[in-house]
Every structure is written in C-alpha cells, then in structure tokens.
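Asks: Chain by chain, the residues run as shown.
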Amino acid sequence: MNSKFGRIWLIAVYVFLYLPIVTLVIYSFNASPLVTVWSHVSLKWYAALAADDDLISAVGLSLRVAFYSALISVLFGTFTAFVLNRYRRFAGRTLLTSMSSAPLVMPDVIVGLSLLLMLVSLQNWLGFPERGLFTILLGHALLGTAYAAVVIRARLREMDGTLDEAAMDLGCKPFQVFRLVTLPLLTPALVSAFLLTFTLSFDDVVLSSFLSGPGYSTLPMVIFSRARLGLNPSINAAATVMIATVTIAVVAFSLYQSRISRQRQREIALAYSESNQTL
Amino acid sequence: MKAKVTDIYSNLRRYINGRQLVIGIPYLWFVILALIPLLIILKISLSEMETTEVSNMFTAGGGWLTIKLNFSNYLFLGTDPLYFDTFVSSIKYALATTVICLVIAYPFAYFMARSPAHLQPMLLMLIMLPFWTSFLIRIYAWKTLLVSDGVFNNILISLGLIDTPLQIMNTSTSLMIGMVYSYLPFMILPLYANLSKLDMRYLEAAADLGASPFKTFWLITVPLSKAGIIAGSMLVFIPALGEYVIPELLGGSDTLMIGRVLWDEFFSNNDWAMASAVAVVMILLILLPMAIFNKYQADQTEAHR
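Those protein sequences? They're chains G and Y, same order as listed.
The opening position of the first sequence corresponds to residue 1 in the working numbering, with each subsequent residue numbered one higher.
The opening position of the second sequence corresponds to residue 1001 in the working numbering, with each subsequent residue numbered one higher.
If you're looking for bench data, these hints aren't it; they were derived computationally from the structure.
Take these hints with a grain of salt, some might be off.
[Stated by the list, open to error] Once the Cα atoms are required to be at most 25 angstroms apart in a straight line, the calculated PhoX-like pairs of lysine-lysine come out as:
#1 Y:Lys1197 - Y:Lys1226
#2 Y:Lys1215 - Y:Lys1226
#3 Y:Lys1043 - Y:Lys1295
#4 G:Lys4 - Y:Lys1197
#5 Y:Lys1215 - Y:Lys1197
#6 Y:Lys1295 - G:Lys4
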C-alpha cells in the first residue's frame, strides 16, 4: 500500500514538473495563430523565427554575454574556491565567505539594483562604464562567480590533499602544484561550472534588465517583454529550440563526465597494478 | 618603459607575497561587485532625491564624507499602507509557497529515497533536468495551460465538469501554481539528500518496539530530517520573497509583491531612493530567517560536540 501510494506521488510530481514544458513543445507545432486552439501540425512558427531579426540579434548578444561571463565566473570562482579551501585562517575570511554567498541569497532585484546604482555612481565619477554589454557582463559574472565557487569548492573538498603534498615533496613550487596536479583533477568541475554559469547567464532576465542600456536586449529580455503582452506562438518555437539545444548539451556533458570518470578509474587501476608489480 | 614595469612589479612584490595576491584577487572582486553596491544602496536609501538625480548626490553633498542621515524614505514606507500591505502579502505568498512545497516535496523525497538504488540517479536527474531549461520559458508555459481558453479549461469543459471557463490566470491561484512549480526542486533536493542518509536501523528499532508506521514516521523520521526541512524552507522562502518574474507573468495586476514594487519604483516612478529603501527593508526581512537558520546550525554543531 505504501509503495503504491509512493509511486503515484512520484509520478504525479514528475507530471507536474514536465507538463508545461511538454505542452509548450507540442503547441510550437500548432498552425493556428491562436495559441490555445489546436488546428494542425505546422512548422510555420519556426519559419517565422528564422525571419525574426530582433530575436536573432538577441540570441547573438545572449550567447556572447553567456560565454564571456561563464569564462570570468570560472576564473574568479576558482580563485574564490581555492582561497576558501586552502587558507583556513586569514583576516576577513568570514567576510569573503559571506560576500561570495550573498549573490546566491539576495533576490535578483536587489543584486541588479545595487550593481546598477554603483555603476551609475562610477560613471558619474569617471565617465565610464556606459551601460551595455560590459555592464550586463559584470552582473552575470558576479552571480556566476558565486555559483562557480560552490561547484568548484565541492570538488576541491573531495580531492585528495595527499597528491598536492606529494608534488610538493618532489620539489614542485606552489604554482606548479596547482598547474600540474590540482588543475587537471579539477577540469570536470570547471567544465560543469562553466556550463552552469553559461545557462544561468543565458536564462537571466532581471539582472540584464537592470544593467542593459538601450539597444542591448538579451534573449530572455525579448521573450519576457513579449510574454508580458500575452501569449505568442513564436515564443513556443523559440522555447522549443532552446529546450532541444540544452537537452543535447546536457546529454553530451553527462556522456563526457562518465567517460572522464571511467578513464580516471582505469588510470588509477593501472597505477595500482604497476606499483604492485614494482613492490 | 619596460624597466618601469619591472620596477613597479618588484616594488609591489616587496609588499605583497604570493599568498596575499591569491587571496586578494577574489576579495577585490567581491568587495567591488557585492559589498560596495550594497553600501551604496544603503547610502541612497538614506538620501533625499526627487528623481534620477544621483549625479548630484556625491558632488553636492561634499562626497562620501558627509552622509546626512535622512529617514524620510523609511518613514514613508512605514506610513503608506500600500507598502505595508505589499510587505505583508509578500511574506504571505512566500510562506504559503514554502508550506505547499514542503507538503508536496516531503513525501516525494521520502519515496525517492526509498526507491530501488539503481533508479535513484535517474529520478534525481529528472528533478534537475528542468533546471537546465529556461526558467522564464517554464513560467510562460503555464500561461498556455491556465488562460480561460487554455488547455485546462478546454479539458474540463470537454469532460463536462464545468460549463463556463474557470478564471485561474491572473489570480493568486495562478501565482501560487507558478511559485510552487519553480521552487519545488529547491525543496526536494535538500530533503532527498537528508532522507537518503537516514539510518534505517532507527526505523526498524521503532517497529520492533511496536510503533505504528505513522508513529515511527512522526517521532523518528521527521525529527531526524529537521536539518533538511530547514535548509529546503530557506532555499524556497528567501527567493520567493523577492520574486519578480512569476508575479509579473502569472499574478495579474493586483497581486502585491515586494520585488514588483521595487521594480516599479525604479523603472516607472524613477524614484531611486525609494527603490533603495524598499531593497534595504527586503534585505532585513531576509536576514531574519538567515539569523534563525545560523543559530539553529550553531546549536546543532554545539549539540554534536
């Protein structure tokens, strides 16, 4: 009785989670201009998408912002994670911990407002930065750094510290240890942090709205402004393309990850058998 | 020129060693992008401004050194019933979201943790997968389902359950559906992490001692999963409090939420000081549950010693 009820509960929640996504995908192939009335299967909204210049330029901007902000996030996220993991004691450690988790906790509207007001005061002082790609990038990179730091820290924590010590004993300088030992072991975490921060940036609407200037609309900003006006079948098609792209990327990444972990296990097994032979 | 650069470098190296440099980089990053902006919000919320006159604020007032405290924005927040109602209704919506998410997620996480071990990674993956699709799109998708000539109403009418379409869209019901939908995974994941580590021997012991399944659940499982319940509730309550996109797309014009008021003060009324004051109060509202959470965690570590 218990497990039957449990199975129903599990299925019901999954239906709840996937129902809107599935409906959206199905209705993107609907020929009717009325979003809620089904007429027959058609690809006309995809054709409309290909001719939609606003949307296409927004995709270009979003991809650029997401790529660069993910790069910056992984860079600073690695520094943050490394410092918080490696240096147990330094002045202001608590401050760094809370500053790096603040963007995760604060609602987007607060992060957006506070960053914008700072950038505006900076502009009044120094004459730059103009609002545009650079300011959107800063906002996304701030949020991304916070997330990347969490992901990379989790990997650093489970990594074996003895490898670093061994490298040090063999005469490596700290930076060499980092480059030759820590970084290669960290790569899967860096890739997943990159993907996560890329998606976060590609999905963000609130921060972008605060930080963008005229002429700089990211894809979510365009979708949001259209969605506010009402239902719009072209959004369904755009959404389906996004969902398909993301699904492919996620599947590819999980294949990559399982390959990496298999490879690592093989290498470890090999190293063990060789060390046993020498002994 | 080149000699000069190396000079600067060696001068710098005299004061800063490698360790300080490594610590300094993330420190500077977050001070500039996280700490200073928050201090500026605080400063602006205490300033008196007509409209977008931020440029004058630093020069006219003699820069940063003379900060005149001006609580008029906060007094206005306290006296205008609109703001008060907004704060109250935001807290209500965020609390309701948290409770409904907990009621749905707890049994879910419980059964997920009890399901066969080889199925669990897939079940977990299915929870995480929607995270990778655009949040905005998923919220928008609910509109197609909920509007008066939408999928739900069409199904209900064709089944003969109702004659006239139900008005779900643009009510607090559609807002709650969207909020619960978006935040449910944030409740499920910490609960699952907690419940999957539950020591089954406690439950067996309770059953051996004659406790009914319900009693075992209530007296053993629930107390042991308290940390997961609290973590999940925090992950849901705090972002729900400041939510902007969901009420904007699903909530209709009369659902009052702080995030929306802040947005309107800023973008429609151009009142930057008021928007900052709203943000500061929102931060204080977030710090309260955080403090309770931290105290709870501190007590836990104390108890474990």
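Asks: Give a verdict on every hint.
Replies: The hints, checked one at a time:
1. A threshold of 25 angstroms between alpha carbons decides the hint, and for lysine 1197 of chain Y with lysine 1226 of chain Y the separation of about 13 angstroms falls inside it, so the pair holds.
2. Between lysine 1215 of chain Y and lysine 1226 of chain Y the CA atoms are separated by roughly 16 angstroms; this keeps the pair inside 25 angstroms, and the hint holds.
3. Between lysine 1043 of chain Y and lysine 1295 of chain Y the alpha-carbon distance is near 29 angstroms, which puts this suggested pair outside the 25 angstroms criterion.
4. Proposed proximity of lysine 4 of chain G and lysine 1197 of chain Y is supported: the alpha carbons are some 23 angstroms apart, at most 25 angstroms.
5. Taking the CA atoms of lysine 1215 of chain Y and lysine 1197 of chain Y, the gap is near 20 angstroms; set against the 25 angstroms cutoff, the hint holds.
6. Taken as a hint, the lysine 1295 of chain Y and lysine 4 of chain G pair is broken in the structure, with Cα atoms around 39 angstroms apart against an allowance of 25 angstroms.
The earlier numbered hints that this structure contradicts are 3 and 6.
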